Amino acid sequence: MGAATTDFFEGLSRRGHEPLLETTTGTIRVDLAKNGKVEHWLLAIDHGDVDVSARRAATDCTVTAPAELFDRIASGEENAFAAALRGDVVIDGDSKLLVRLQRLFPSPARRKQR
Amino acid sequence: MSNGLVQILDGNTFVVSDERGDIEASLTDPTGLFSFDTRFLSKWVLTINGQRLNALSTDDLQYFETRFFLVPGTGTVYVDSKLSVIRQRAVAGGFTESLTILNHDEKPVDLTIRVEVGSDFADLFEVKDALEKKGAYKTTVSDGRLVLKYERDSFGRATVISSSVPARVDKAGLTFKTRIEPHGSWETELDVAAAALHGGKLANGDGPVRVRSRKSMAADLGRWLAEAPRVESDSDSVKATYRRSLVDLAALRFSPPIAGNRSLPAAGLPWFMTMFGRDSIFTSLQALPFTPELAATTLHALGEWQGTRVDDFRDEDPGRILHELRYGELAAFEERPHTPYYGNADATPLFVVLLDEYERWSGDRKLVRELELEARAALNWIDEYADLQGNGYISYKRRNEQTGLENQCWKDSWDSISYCDGRLPGFPRATCELQGYAYDAKTRGARLARLVWKDEQLAQRLEKEAADLKRRFNRDFWLEDEGYFALALDENGEQVDALTSNNGHLLWSGIVDKSKAKTVVHHLMGSRLFSGWGVRTLADGEGRYNPIGYHVGTVWPFDCSFIAWGLRRYGFKDEAARIAAGILDAADFFGGRLPEAFGGYERSVTRYPVQYPTACSPQAWSTGAPLLLLRTMLGLEPIGEHLVVDPALPVGIGHLELLDIPGRWGRVDAFGRGRVDVA
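So the sequence lines, in the order shown, correspond to chains A and B. The opening position of the first sequence corresponds to residue 28 in this note's numbering, with each subsequent residue numbered one higher. The opening position of the second sequence corresponds to residue 8 in this note's numbering, with each subsequent residue numbered one higher.
Isolated chain A, as found in the complex (with noise of 0.2 angstroms):
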């Protein structure tokens, strides 16, 4: 697993808390692919309160990507949305869960304009 994706989920479990999903309750599962195998974070939402495991329990919405793909988009250089536009993200479930996901992804680092 890359680091930006640890760093993601571990930030988000040692908080245990987001504003930003004050308003969000549900589940949510990421599986990522790496080498055959498949790694999963669970989030479960209450109003804000986050928990974090690595169940592969069923949920309102799952997310399925690349890791290598995730790494990038927790670290804030991909854009999940895009991503799943193009097919690289794959979402099962009430997409408005990864939509409020997203508002916790950081900036990207400030660059050039492609």
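For the record, the hints were derived by calculation from the structure and aren't laboratory data. Note that the structure is predicted; figures quoted are calculated from it, not measured. From the three backbone atoms N, C-alpha and C, an ideal C-beta is built for every residue, glycine too. Warning: the hint list may mix true and false statements.
In silico contact screen, one side only, chain A against chain B (beta carbon under 10 angstroms); selected entries [claimed, not checked]:
id, residue
1, Ala-71
2, Ala-81
3, Ala-84
4, Ala-111
5, Lys-123
6, Pro-133
7, Arg-137
Add chain B to chain A, keeping to what the hints say.
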């Protein structure tokens, strides 16, 4: 749209064809089947025994359904056909087409019926800007279905064509061979489904791709019309325009994937069938007394997508409300920034304005509580991120210099902001109406903070900031000698002095000192701005004035409707009635469907409103204009738990009743009689 094109739509799926029902699109031509910003069919041509068909008539049954009556023949000579062909087409996640052929002869007839099919899978932006494709096409025939695919890396879109009567399917179309007995008929149902591919495959294999049925759409339209208030009037024109507006608004509803089954107004056909911050908010404001649920969905959806990061490519800031969201290939590959793009400077304060106005009508405090976080972030954006010059005013300057928008106000074309002498200012630009919206957002935000969020401290701070903004604005933007407000402050804080319709938006926002209102109104209703139909975007006599210039001389019905609201706010009832009369008269010339803009020519010269050449139609905020004008003419204003009615109607309308107006009072009626002489 003009030039013989026929369009039907459902949300962001729409079909544009010629009057025979055929589609033969070129790259730059907006005909075809479009869905989620991608063209899924660029060719759809029907022939019978090798012959093209000829249109006898086209009936628009509903906004989502059309019937074409056709006969074989080329159309240049008199046709005496023994065959009739009926294509009945309805949009729903693609479209279905019932094809019926009638043999009127006493002899049987052998027919080869052919539908030529093709798709270029163009992104709507590619059609608009004539760009080349980067992916690969693949066409397959399986189980009697024709599957057209387009793939670029993991991005994939497909069109699946099938028929109820088995066809001989090849990669370029479907062929049916049949014999029709004397006075007999033949029929098939063609189904065209637009789909996304996952890993090169259709998501649900052979399953149905269809989302909505024709029947449920018809029921939905019936419900929509039944729930809206009724209009009774001596003026048939007003009744017809009202009905047209309601139906078009139904057609322009769009359910973004995150909104469940609720819908908000998309901006307009053909280019703008998507979520736009500004357009969705203005249209929701116009429609509040009629279809308040549009406002609720707009607020929810825009709140979901509110900016949280600093992203230069998307011109995104924390708290900023989106400008435009797209689903096509160019957005997916980040060749365009619309995932979503945030480059506007007005939708964020207007988000707070809509939230407050919605509460005043509906009494729905639950939504105001749910969106407290987003509303606070929007208010914060005004001071924290929008004050680019540090002078206490909202300004804009794009950070995405390749594909971002230069002008981030509603007049978003390149030359819309100019000095009297025609020069264009540099950036950042602080246009005047943005300051009005900021003032209104702070004032209304204070009300919500006190009433719903129970935060007296915030309420007092916002009120103080609003008062301070108003004082500074009336000093810094006011052109003392001319007696109107400057269009903008330029990059040096100097006044951009052209006379524009923006003054009307200032009245609407309430930022104008009472003592200045009279001379502002004098300009709005004077011969340089008022054409007889409505208020020109830019005054006659200004350097860049052009009566058919997009934002530099045309009349925009939406603009006029908000100006009329502003006139009412400052007590100028008769002037508001004059504008209402002019725009509603113009609507009559367009069959009740106002285009986004029409020419700024003097009414007494042209006698009819001259349509702007490439105007988008129907367009949401033009569709909403007659609704807001009904509100301003009747003087509808929610005060506490009641709806106050204070009519000032033009004489020509005679008697006007608006029945069953929904709101926190349940349902109430409003009556008025035309007494204002607008001649």
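task: May I ask which of the numbered hints given earlier this structure violates, with the numbers listed in increasing order?
output: 1, 2, 3
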